[in-house]
Amino acid sequence: MSSKKILQFIARFAIPIIIILFIYNIYSHGTIIHPGKALFKAQCSQCHGEDGEGIKALVPPLQNSDYALRNLDSIPCWLKFGINHPVIVHDTVYDQPMYPSEIDEVQTANVINFMNREFFKYDREVNPEWVKEKWKNCK
Amino acid sequence: MRKTVLITVLFCIALQACNWQSNLPVYGPKTAVTKTENGKQVIDSLDYVLPPFQFVDQDSNVVNTSTVKGKIYVADFFFTSCPSICPKMMKEMLLVRDKYKDNKDVVILSYSIDPVRDSVARLKIYETKLGITSAQWHFLTGNKDSIYYLANKYLVSASEDPSAPGGHIHDGNFILVDRKGRLRGYYDGTNEQSVQKLLSEMDILLKEKNNE
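Sequence order for the protein chains is E and S. The first sequence maps to residues 584 to 722 in the numbering used here. The second sequence maps to residues 528 to 739 in the numbering used here.
These aren't lab readings, by the way, just hints derived from the structure by calculation. Only a predicted model underlies this, so the values are computations on that prediction, with no experimental measurement involved. Even for Gly, the Cβ is constructed at its ideal location relative to N, Cα and C. Accuracy of the hints is not assured; some may be wrong.
Listed next, the in silico DSS-like pairs over lysine-lysine satisfying Cα-Cα at most 25 Å (straight line) [claimed, not checked]:
1) E/K639 x S/K724
2) E/K704 x E/K715
3) E/K639 x S/K626
4) S/K628 x E/K639
5) E/K663 x E/K704
6) E/K624 x S/K724
7) S/K651 x E/K639
Example chain E residues on the side facing chain S (calculated, C-beta under 10 Å, incomplete) [stated by the list, open to error]:
8) A621
9) A625
10) C630
11) G635
12) I638
13) L641
14) V642
15) P644
16) K663
17) G665
18) H673
19) Y677
20) D678
21) Q679
22) P680
23) Y682
Anything over 10 Å on all C-beta distances counts as not near chain S; from chain E, calculated [to be verified]:
24) I603
25) D634
26) K639
27) N647
28) S648
29) D649
30) Y650
31) S657
32) W661
33) M681
34) E685
35) I686
36) D706
37) V709
38) E712
39) W713
Sequences and hints are given; from them, build the entire structure.
Structural data, given as structure tokens:
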């Protein structure tokens, strides 16, 4: 095979295959960047870490958090009003307060959907109406 | 021939760059003093130096100016119930601690700006939460006015503010201080790149001689 023929082969077959794989990759992940991911990175990752790993015994990890899974309905309250009581995650007590934030129902739903998928491995999509409903019962 | 010239020029530029890097700035206002040298009156300027201080750390040890004498140190201001930037600052300070763990020439001072609540016992618990026991990293408490006075002398801001999260405001600065108590660098303790810069500038500062 001459070098010209190899180049022709690449142009005809390899390049289209690469393009198809690229497009498939974007579609298989739903969207290019999840809107909740951007907000998480800006607002939450400072303390909880970009991979939800937390900081030592100061900030609890989010990865597979048993506490979060047991209190899924409280997460909208935590995001908006903060937490002012100790929490136990993976048998470790965390008593640093979490501060409240000015977050709206759409942003809250986005962040929760991102965390559900990324950290809690919990297959549920929530919407802004659900968030507003939960906010009514915050303690 | 031309190549040789070019290489020489590049080498000189590179050398200059190294020279620039090895001179960290000295922050703070200088004081003018008049002294007599060889029978003549000359005006000299003195570098800004931090005033003496004395506080107590998480192990009830007294930490004062002589603790850090002849050593370089990194200082920051925090409080244990701080919900906002402090955990992130601690995470970054752990990098400093890990890098210079066995270096007796390096000290870390974390001043509590909430010393009334942050007792020695509470600071000890905080240290335990960070997963360390360190004779090198002192978490300090003491007279509140003295700590706020000192923060002012470090040229950073710290104050009480009931409307802020946790009731206190402070910036997240890490301050680098040399062997003579002079301010040599400011870094954002919540920013990874800035802390990397601190780590490399600490290496530069460690090479500076004590009597320089």
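Each hint, compared with the structure:
1. E/K639 x S/K724: Cα-Cα ~24 Å, so holds.
2. E/K704 x E/K715: 23 Å, holds
3. E/K639 x S/K626: Within the cut-off at roughly 17 Å; holds.
4. S/K628 x E/K639: 18 Å, holds
5. E/K663 x E/K704: 22 Å, holds
6. E/K624 x S/K724: 23 Å, holds
7. S/K651 x E/K639: 15 Å, holds
8. A621: Where the cut-off is 10 Å and the nearest Cβ of chain S is about 19 Å from E/A621, the hint is violated.
9. A625: 13 Å, violated
10. C630: 5 Å, holds
11. G635: 14 Å, violated
12. I638: 5 Å, holds
13. L641: 5 Å, holds
14. V642: Holds: closest Cβ of chain S sits about 5 Å from E/V642, inside 10 Å.
15. P644: This hint is violated: E/P644 lies away from chain S, its Cβ roughly 12 Å from the closest one there, beyond 10 Å.
16. K663: 14 Å, violated
17. G665: 7 Å, holds
18. H673: The hint is violated - E/H673 has no Cβ within 10 Å of chain S, the shortest such distance being about 14 Å.
19. Y677: The hint holds - E/Y677 has a Cβ within 10 Å of chain S, the shortest such distance being about 9 Å.
20. D678: For E/D678, the interface hint holds, since the closest Cβ of chain S sits about 9 Å away, which is under 10 Å.
21. Q679: Nearest chain S Cβ about 7 Å off; hint holds.
22. P680: Hint on E/P680: holds, closest Cβ of chain S at ~4 Å, below 10 Å.
23. Y682: At about 4 Å, which falls below the 10 Å cut-off, the nearest Cβ of chain S leaves the hint on E/Y682 intact, so it holds.
24. I603: 37 Å, holds
25. D634: E/D634 is indeed farther than 10 Å from all Cβ atoms of chain S, at 13 Å.
26. K639: Incorrect as stated: the minimum Cβ-Cβ distance to chain S is 5 Å, not above 10 Å.
27. N647: The claim holds: E/N647 sits with its nearest Cβ about 20 Å from chain S, beyond 10 Å.
28. S648: 16 Å, holds
29. D649: 19 Å, holds
30. Y650: 17 Å, holds
31. S657: 18 Å, holds
32. W661: 12 Å, holds
33. M681: For E/M681, whose nearest Cβ neighbour in chain S is about 6 Å away, the distance does not exceed 10 Å, so it is violated.
34. E685: 12 Å, holds
35. I686: 15 Å, holds
36. D706: 30 Å, holds
37. V709: Given a closest Cβ separation of 25 Å, the condition holds.
38. E712: Answer for E/E712: holds, closest chain S Cβ roughly 29 Å.
39. W713: Fine: 26 Å to the nearest Cβ keeps E/W713 off the interface.
The structure fails to meet hints 8, 9, 11, 15, 16, 18, 26, 33 from the earlier list, while all remaining hints are met.
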